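Turn these sequences into a full structure, and let the hints steer you where they fit.
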Amino acid sequence: MQHNRDFLLDSYRSMVTIRRFEDRVHEEFATGKIPGFVHLYAGEEASAVGVCSHLDARDVIASTHRGHGHCIAKGCDATAMMKEIYGRRGGLCGGKGGSMHIADLSKGMMGANGIVGGGPPLICGAALTAKYLKTGGVAVAFVGDGGSNQGTTLESYNLARVWNLPVIFVIEDNGYAEATASAWSVGGTQRGRAAGFGMPSAEVDGFDFFAVHDATAEAVQRARAGDGPTLLHVKLTRYYGHFEGDAMTYRGQGEVARLRQESDCLKVFRRKVTEAGLLDDPELDGIEAEVTEAIDAAVRDAEADALPTAADLVTNVYDRY
Amino acid sequence: MQHNRDFLLDSYRSMVTIRRFEDRVHEEFATGKIPGFVHLYAGEEASAVGVCSHLDARDVIASTHRGHGHCIAKGCDATAMMKEIYGRRGGLCGGKGGSMHIADLSKGMMGANGIVGGGPPLICGAALTAKYLKTGGVAVAFVGDGGSNQGTTLESYNLARVWNLPVIFVIEDNGYAEATASAWSVGGTQRGRAAGFGMPSAEVDGFDFFAVHDATAEAVQRARAGDGPTLLHVKLTRYYGHFEGDAMTYRGQGEVARLRQESDCLKVFRRKVTEAGLLDDPELDGIEAEVTEAIDAAVRDAEADALPTAADLVTNVYDRY
Amino acid sequence: MPKKTYRQAINEAIAGEMRRDHRVIVMGEDNAGGAGAPGENDAWGGVLGVTKGLFPEFGPERVLDTPISESAFIGAAAGAAATGLRPVAELMFVDFMGVCFDQIFNQAAKFRYMFGGHAVTPLVIRTMYGAGFRAASQHSQCLYPVFTHIPGLKVVLPSSPYEAKGLMIQAIRDDDPVVFFEHKVLYDETGDVPDEAYTIPFGEANLTREGKDVTIVAFGRMVGFANQAADTLKRDGISATVIDPRTTSPLDSEAILDSVAETGRLVVVDEAHPRCSMAADIARLVAEEAFSSLKAPIRTVTPPHTPVPFSPALEDLYVPGPARIVEAATALTKHG
Amino acid sequence: MPKKTYRQAINEAIAGEMRRDHRVIVMGEDNAGGAGAPGENDAWGGVLGVTKGLFPEFGPERVLDTPISESAFIGAAAGAAATGLRPVAELMFVDFMGVCFDQIFNQAAKFRYMFGGHAVTPLVIRTMYGAGFRAASQHSQCLYPVFTHIPGLKVVLPSSPYEAKGLMIQAIRDDDPVVFFEHKVLYDETGDVPDEAYTIPFGEANLTREGKDVTIVAFGRMVGFANQAADTLKRDGISATVIDPRTTSPLDSEAILDSVAETGRLVVVDEAHPRCSMAADIARLVAEEAFSSLKAPIRTVTPPHTPVPFSPALEDLYVPGPARIVEAATALTKHG
Ligand SMILES: Cc1ncc(C[n+]2csc(CCOP(=O)(O)OP(=O)(O)O)c2C)c(N)n1
Ligand SMILES: Cc1ncc(C[n+]2csc(CCOP(=O)(O)OP(=O)(O)O)c2C)c(N)n1
Ligand SMILES: [Mg+2]
Ligand SMILES: [Mg+2]
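Protein chains in written order, with my numbering: chain E, 1 to 321; chain L, 1 to 321; chain B, 1 to 336; chain D, 1 to 336.
Worth flagging that the hints you see were computed from the coordinates, not collected in a lab.
Hints may be right or wrong, so weigh each one.
The calculated label-pair distances, taken between Cβ atoms and stated as ranges, are [unchecked claim]:
{"no.": "1", "chain 1": "E", "residue 1": "E255", "chain 2": "D", "residue 2": "E40", "range": "21 to 31 Å"}
{"no.": "2", "chain 1": "B", "residue 1": "E61", "chain 2": "E", "residue 2": "D10", "range": "51 to 61 Å"}
{"no.": "3", "chain 1": "E", "residue 1": "A30", "chain 2": "L", "residue 2": "R320", "range": "45 to 55 Å"}
{"no.": "4", "chain 1": "L", "residue 1": "T31", "chain 2": "D", "residue 2": "P304", "range": "28 to 38 Å"}
{"no.": "5", "chain 1": "B", "residue 1": "E61", "chain 2": "L", "residue 2": "D319", "range": "19 to 29 Å"}
A few chain L residues facing chain D, derived, Cβ under 7 Å [what the hints assert, rightly or not]:
{"no.": "6", "residue": "K33"}
{"no.": "7", "residue": "G36"}
{"no.": "8", "residue": "F37"}
{"no.": "9", "residue": "M100"}
{"no.": "10", "residue": "H101"}
{"no.": "11", "residue": "I115"}
{"no.": "12", "residue": "N149"}
{"no.": "13", "residue": "Q150"}
{"no.": "14", "residue": "A179"}
{"no.": "15", "residue": "A181"}
{"no.": "16", "residue": "S185"}
{"no.": "17", "residue": "T249"}
{"no.": "18", "residue": "Y250"}
{"no.": "19", "residue": "G254"}
{"no.": "20", "residue": "A310"}
{"no.": "21", "residue": "V317"}
Note that this is a predicted model, so its numbers are computed, not measured.
Glycine included, C-beta positions come from ideal geometry on N, C-alpha and C.
Right, dumping it as C-alpha cells:
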C-alpha cells in the first residue's frame, strides 16, 4: 500500500459521504419526505470510490438506478443531489430527474439510469468521443449483476471490443437483482463472458477499496494505452433493500448483519490504513464528523429549497423547438 | 459412417432440393419475376439438413432471413414455398409473408425472420413448451455470424441456460454479415461465448454433412435428456450475394469459385458416400434429375398460381377482432 | 358483492385461469421473487405484489422468474404461445418496451398475418403504466398509443377492479396477443368484484355516466377523473356521458359515435403524450365519422408534450385532472 | 439547378457537413461495408448506397461500420452526442427500432429534460421506411407516429431531393436528437438540388400546391401522390392546397390551420398504420383548433389496420395512392 495521505483521506471522505448520504436518505424516506423509487448504494462504496479514484476530468461514467454512490464518487455536489432527490428546483436536474436520473455531464457523470442495461451503450459513445478526440479519456459503465444479463450490456461488450474502445465495464455483483440471486440468474460467469468476447477481466473484492483501486489501475492503463476494454467483476453487498420499502425476505437469516459486521468496506479501509500506520483513528473520526455535518446541512438545504413551478414543467424538452 | 441407405438418400435429396430451389430462385429473380428481398442459402445446405436430420414432429426450428434451406430441411413443401416467394395466393403464407417470412408451424418451422436475432427468443419459448408439456421436443435456432452479435441472441443464451431449456443454437458462420466479415465483427469466439454462458459447444465443419450430423447428435441427445442448451459453431459459405443483387465486391478474388470447387457440401457428400461404397453415382444423379424436375414444376406452378385479392388484404390480422 | 382491490382482481383472474387451464403459465422478473436466494420463496410476487401467491399454489414450472432480459423472455412467451401454451408475461413497466419491442410488434403481433393465418398466439403481456408515482421519466409513461398503432395487437386498459378481472380473464382466453395495461396508481383502488369468473368482451365500451350535453371519452385512470368531472358538471347543470372504451384495440367506435350523435360535443381525456395519441385517435374518429353531429370543436385533455417530470410539484401539474376536464366540457357547452 | 436523386442529396448533405465540422461522424451496419473482408472497402456504402463514397473521403475514424447490435451502436451514438461529437447513425430500416428503441426514446430523447436542461444531444438517426418495395411486414413500416409521440425527439420526413438535402443539413446542425426518415421508394427520384449548402428549418411546412377548395396534408412519399391528386382535381375544377409539413415534430400547425381556415375542408394522407397516426394527429389539430372553419368532415386516407403484405398484388392495394386522395377530396367538396 503506497498511497499518500491526501489520497487516502479523500478516498475515505468520499466513501463516508456516500454512506452518510444514503443513511440519511433512508431515514428521511421512512418519514415520507422523499418521493418515488429510491435505490441506495450503502455497503458498495469501495467500488464507486475505488474505480473513480483513477478518473479525472477527461473521464466519463455511466451509472444505474443505484446511482448516488457513483455520482458522489465522480464529484457531483451532494447538496444539489439531495435537492434533486427531494424534487426541488435547486436540484442537480432542477427536480425533473430525481434519484434515478441524477447526472452532471460537466463532471463526467452521464447519469443514473432507470433502465437496467441503459448505460453500457452510452458509455461506448463516451469512449468513442474520447478516442476520436484523442483526449486520453476512459469511460466506465457500472452495471449490476442483474444488468449483466441484459442484451444491451452484452452487445456493448462486443462493440467495445470490436471498436477497441477505452471502456471499463464494472459489474457490481451484490448477489441480487431485486429478489433474484445472481447465483441463479447469471449463466456462466462474468469473467467467462468477458473472455468469450475477447476482453481481459479481473475478479475483485468489492469490500476492499484497495483491491478495487488496484484492479482498476490496470484497466485504466489498458484503456488509456489504446488497448481496449476490460471487465471487472466486483463482488460486494447492499445493506438496504432493493428499493426503499423492500423487506428483503429473500435474503438469508442474518446475512446483512454478518456482512455489515465482517466485511464493511469502511471498516476494512480503516483497519488497513491504521494497521499500516498511514492514518489514525482520530483523523478518520474527524472526517466522519465533518461529513455528517455536511450531509445534515444538505438535508436542511434540500428541505428549505423551493419547488419547481408551472413554468418549469415545459422547459428543457428541446434545445429549440 | 454407419448410415442406412434411405437416410443417406433422403439427406442428399434434401440438400439437392435446397440447392436447386435456390439456383432457380436466383435465375428467376434475375428475370424480374420475383419481387422483394431474397437471401439465398446455396452453399450452406449441409448445415440445415445435417441439423434437421435429427429432428422429428416434436421439434421446432426458428430460422433467419436466409430461411429457404431451413424450411426445406424441416419438411416445408417446396412448391408452396415457391408460390410464396412469387407472392401467390397458394403460397405457404397465402402470399402475405414472402421469402423472409415463410413458416409452417404444422411442420415445426416457426418462420424465417426479417429481424436479425429475432429467432432465438422465440425458440426459447418453443423449448419451454416442449419442456413444460414433456414432449421430449428440441428447439433449434439458426443464427448467422452477424446475428450472433445481437443482444436478443446473447440474452437467449442466458435464458436457455438459466431455465435449462432443450435448445440448440446453430451459429451458421458464413464469414460475412452483409459485407462485414465475421473475423472483424465477432469479438472473442463463438465457443468462448458459449462457455461464458455455461453452455457446451462444438465447432463444426459446415461443408461436411456428416460432421454436422454428428455434432448435432450430441446436442440433441443433451437436450432431450434435459441437460440444457448447446451451441454449435458451424463454418460454411454462401455462394450468392447477401441478397439478390449484391455484387459481392467485398469478397476475395476467386473466393467463391474456389470454395465451390473445393468444399461444396454436395460434392463432399457424394465423395464420402461413394468412396465408402454406400451409394453410387447413378443413384445420386437420379436424385438430382428428379429434384430438378420437381423444382421446375414448382416454378411452373408458382407462375401459374393466382394472386391474392383485395379481400385477402385485411384477413388474418387477428383471430377475432 | 365483495370488495377487492384492482391488484387482487388481477391476481384472482390469473389464478382462476391457471386452475382452469394448465397451459396458462406466468413469467417475469420476480413474479415469484427469490429465485436462487437463501430466504423466502415468493418473496415479491411482482414488484408491486400483483402475482403474489401464485408461486406457492402453482409452483416453479408455472410461475417462472426470469433474468433481466426482456427480449429473451417476452420473446420466449411469444414462442411458447405459438407452440401451445398460454403465457402471461410481465413487462414490469411499459417504459421498458424499448429493450424488447421487436418481439412484441414484429414477432408476436405479425405471426398470424405474415404466416397467412396459420398461427395463433394466445399471449398476454401485463405491464404497468402511468404517472402519479413520482417515478420520473423512465417509469411513468403510458405508451398505449404506440401499441394501439400496431396491427395484430390488442390493447386493454382496465379502469377499475371489476374491469380488471373480467378483462384479464378475457385476455387469457383470447387467441390473439394482448397487451394488458395496469395503472400503478390504481392497484389499491377497491371496488365490487364477483368471486366467480366472468369475461368482459373486447371492443365493448362501458358508459360510466350518461348524459346528453357532452360526451367524455377517457382511458384507464382518467375514467375516474372523468366521472368526478361529470359529477361536478352535473351540479352545474351540464349532463355528461362518460365512455370508458376499456380496450383501445379493438375500439368500440360505435358507442362513441352514437353518444356524440346525441350530445354533439366531445372531450377526450388521455394521460398519454399528446402527439399521435388516443386523444388524437378518437378526435379523428369523430371528426371523420360524426362530423355532422358536432356542435362544437373537439377538445382534448392531455399532458403537455414533455417527458414525465419527477418532482411531485411538477408531476401533479403534468397529469390531467378533473378540473381540466370540467373546464373543457364547460367551454364546449357555450357552443351550439 | 443541377438534378440529383434523393439518395445523392442526402449523401451530399452528410459529406458537406463532414467537411465543415470534424465532429460529424457516421456509423451503421455496412455504412462503408467490407470491414475485415478481403475485397473492396466501401463495398456497400449502406444497403442502398446512401453513404457510398464517405469512407474513401473521410476514412475509418469518421465512417464506422458496426456489428449487428443496434442498441449498442445507436446508444453509442447518443453517448457520443452527449459528450461532444455530432454522430449520424443509421438504423437501417425503421422496422428494426424494436431492438434499440430504449436508447432512442428513454435515453437520447429524455437526457435534456431529465437532466434539467444540462445536456445537448446533437444526434441524427437516419432510417429507411415505407412500403412499395415488396419487402414485407418487417421491412416496410412507417412508424414515424411512434417517434412523433415521444417528447424530446424531432422527426423529419423529406418528400423530395431538395427537402432531403436541406433538412439533413439542418438535422446535423441541430442540437436535439433528430430521427430522419428516408423513404426507400424515393431514393431514385430526381429533382433540383443546389450544390451549395442550405438548411430548411424544422417546423416550417411547404405548400406544394395552392388552392381554395380543399386542404390536403400529406407526409413523405404521400406528398407526391397528393400533388398528383391535386393536379387531377384541378382538371375537375377543384383547387387544392397541398401541405407537406416536412417535419412532424415540431409541426407547423399554423400553416395547416391557416389553410383550413381558407378552404374549410381537410384531407390527411398518411402512409402509416391508421391508429394513433399522423392522420389522427392532424385531424385532432383541426377538429380542435379550426372547427369553426370546417365545412365538411375531415377525411383521412391511410392503409388499412393490417401489417404490410408481401405480395405486390396486395401491397399495391395497401399503399394509399392518388386515386383515393382524389376520391376523398371530391367527396368533401360535395359538402358545405
Ligand atoms: C430494462 C429494465 N428491466 C427491469 C427493470 C426493473 N429493475 C430495476 S433495478 C432491477 C434489478 C437490477 O439488479 P442489478 O443489476 O443486480 O442491480 P442492483 O439493484 O443489485 O444494484 C430491476 C429488475 C428496469 N429498471 N429496467
Ligand atoms: C435487427 C436487424 N438489423 C439489421 C438487419 C439487416 N440485415 C439483414 S441480414 C443482415 C446480415 C446478417 O448476417 P448474418 O447473421 O451473418 O447472416 P447471413 O446473412 O450471413 O446468413 C443484416 C445486417 C436486420 N434484418 N435486422
Ligand atoms: Mg445486483
Ligand atoms: Mg453471415
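Going through the hints against the structure:
no.	hint	result
1	E:E255 with D:E40: 21 to 31 Å	violated, 60 Å
2	B:E61 with E:D10: 51 to 61 Å	holds, 53 Å
3	E:A30 with L:R320: 45 to 55 Å	holds, 50 Å
4	L:T31 with D:P304: 28 to 38 Å	holds, 32 Å
5	B:E61 with L:D319: 19 to 29 Å	holds, 27 Å
6	K33	violated, 11 Å
7	G36	holds, 4 Å
8	F37	holds, 6 Å
9	M100	holds, 6 Å
10	H101	holds, 6 Å
11	I115	holds, 6 Å
12	N149	holds, 4 Å
13	Q150	holds, 5 Å
14	A179	holds, 4 Å
15	A181	holds, 3 Å
16	S185	holds, 4 Å
17	T249	holds, 4 Å
18	Y250	holds, 4 Å
19	G254	violated, 10 Å
20	A310	holds, 6 Å
21	V317	holds, 5 Å
Checked against the numbered hints given earlier, this structure breaks hints 1, 6, 19; the rest are met.
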